[in-house]
Amino acid sequence: MTSTYWFKDSQELIDYQEGNYGSFEYGRYGNPTTKACEEKIRLLEGGEDCLLSSSGMNSAICMLLALVPANGHIVTTTDCYRRTRQFVQTFMPKMGVTCTVLDPSDYDGLEKALDEHDCSLYFSESPTNPYLRCVDIERIAKLCKPKGCLVCIDGTFATPVNLKALKHGADLVIHSASKYFGGHNDVLAGAIVGDKETVAKVRQFHNILGGVIDPHAAYLVMRGIKTLQLRVERHNENAMKLATALEKHPMIEKVHYPGLPSHPDHEVAKKYMNGFGGVVSFEVKGDLWATAKFIDNCRLPYIAPSLGGVESLIEQPTVVSYWDQGPERRAEIGIKDNLVRMACGIEDYADIEADIIQALDSIKDGVEAPAKATSA
Numbered sequence: 001m002t003s004t005y006w007f008k009d010s011q012e013l014i015d016y017q018e019g020n021y022g023s024f025e026y027g028r029y030g031n032p033t034t035k036a037c038e039e040k041i042r043l044l045e046g047g048e049d050c051l052l053s054s055s056g057m058n059s060a061i062c063m064l065l066a067l068v069p070a071n072g073h074i075v076t077t078t079d080c081y082r083r084t085r086q087f088v089q090t091f092m093p094k095m096g097v098t099c100t101v102l103d104p105s106d107y108d109g110l111e112k113a114l115d116e117h118d119c120s121l122y123f124s125e126s127p128t129n130p131y132l133r134c135v136d137i138e139r140i141a142k143l144c145k146p147k148g149c150l151v152c153i154d155g156t157f158a159t160p161v162n163l164k165a166l167k168h169g170a171d172l173v174i175h176s177a178s179k180y181f182g183g184h185n186d187v188l189a190g191a192i193v194g195d196k197e198t199v200a201k202v203r204q205f206h207n208i209l210g211g212v213i214d215p216h217a218a219y220l221v222m223r224g225i226k227t228l229q230l231r232v233e234r235h236n237e238n239a240m241k242l243a244t245a246l247e248k249h250p251m252i253e254k255v256h257y258p259g260l261p262s263h264p265d266h267e268v269a270k271k272y273m274n275g276f277g278g279v280v281s282f283e284v285k286g287d288l289w290a291t292a293k294f295i296d297n298c299r300l301p302y303i304a305p306s307l308g309g310v311e312s313l314i315e316q317p318t319v320v321s322y323w324d325q326g327p328e329r330r331a332e333i334g335i336k337d338n339l340v341r342m343a344c345g346i347e348d349y350a351d352i353e354a355d356i357i358q359a360l361d362s363i364k365d366g367v368e369a370p371a372k373a374t375s376a
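Quick note on numbering: our numbering labels position 117 of the sequence shown as 117, and the sequence is numbered without any gaps.
Just to be clear, a hint being listed does not mean it is correct.
Stated by the list, open to error - In silico lysine-lysine, BS3-like type, Cα no more than 27 Å apart, as pairs:
id, residue 1, residue 2
1, K241, K196
2, K293, K241
3, K248, K226
4, K40, K271
5, K271, K254
6, K226, K167
7, K201, K241
8, K254, K364
9, K364, K241
10, K201, K293
11, K112, K167
12, K241, K336
Note that these hints are calculated values from the structure, not bench results.
Because the structure is a prediction, the values reported are computed rather than measured.
Using the sequences and the hints given, assemble the complete structure.
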């Protein structure tokens, strides 16, 4: 591990600057371990090049800054990671960038936005967070490509085991590699994959901004990749079983999982995905406090944000991500107080189901709000 690399003489340095010497210059621009990890992710996604960064959010920000010009226009979707929405709607306007926000299935709206604006980028997760909406990538690419609008898909919830977006017409795929790639909740990393020319543009911004991943973190991602296929298959299996069981439970109002025929994008998910992912979102019959009590009474999953690790994690998005937004804003963006997001781990499924059922049973007679309870 080092931060800088030496050259034996000036000619070797000149060769490096002209691209004729395969070495490294400075740690912020790359290192051998990072390069090896990038190659593995590139091959998994089927792209020409890959850029590894310090986090998924860093990958997204570098991509947006590199590919969306001042006074440009972005199309994105209503259901997405909060911090992505925050950057697009709060910081990008400082560059004069405007944004059209659409329901993930509003393809007529996309066509209208492309006709009315000089769109630089379409950007969506698939599946999305937290309602697990899935977008029709080929249809989107068919609309965007003639207009010169790049298509970027955040495939974090899917992984290339379940979805290869580049194969279906996306120009770029980004990942929070902290999640399924790492697989053990012990590393922060991000990745962006696409053609060489586009990734080079993103790399230029990345090198300037300095969102570098250290060699040990890159090693941890590579360690995770060794078991990615096996883990994701187990995540898929556990989530599908849990979603099916929850849909029949009397204490559940609604289940959001693309593997279920009841999901609005089930047919789209079947078209593109080999498996439907390890995350299940569902709405409990009860208010904010009944839902919180249900989560508190779960014994197997940890109460925590994130996903993709071997351990099951559970969260109430209202509390973990949107508490500071207030009820009106949460309602505006579709975050319900009784919504739960469960990231299924690779534990024995019988243990997962038994624990969730006992926690649901614990609130079936109702729950009183705490005496000092307040909702932001």
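Verification of the hints:
At roughly 40 Å between alpha-carbon atoms, K241 and K196 are farther apart than 27 Å, so this suggested pair is violated. Taking the CA atoms of K293 and K241, the gap is near 23 Å; set against the 27 Å cutoff, the hint holds. Proximity of K248 to K226 is assessed by CA-CA distance (about 36 Å); at most 27 Å being required, the pair is judged violated. Under the criterion of a C-alpha separation no larger than 27 Å, the hint pairing K40 with K271 is consistent with the structure, at around 26 Å.
At roughly 23 Å between alpha-carbon atoms, K271 and K254 fall within 27 Å of each other, so this suggested pair holds. For the hint pairing K226 with K167, the CA-to-CA distance comes to about 22 Å; that is within 27 Å, so the pair holds. Taking the CA atoms of K201 and K241, the gap is about 42 Å. The hint is violated against a cut of 27 Å. Pair hint K254 plus K364 holds up; C-alpha atoms about 16 Å apart against a cutoff of 27 Å.
For the hint pairing K364 with K241, the CA-to-CA distance comes to about 22 Å; that is within 27 Å, so the pair holds. For the proposed pair K201 and K293, the alpha carbon gap of about 48 Å is over 27 Å, so the pair is violated. Of the supplied pair hints, the one linking K112 and K167 holds, its CA atoms being roughly 25 Å apart against a limit of 27 Å. With a CA separation close to 24 Å, the supplied pair K241 and K336 stays within the 27 Å bound.
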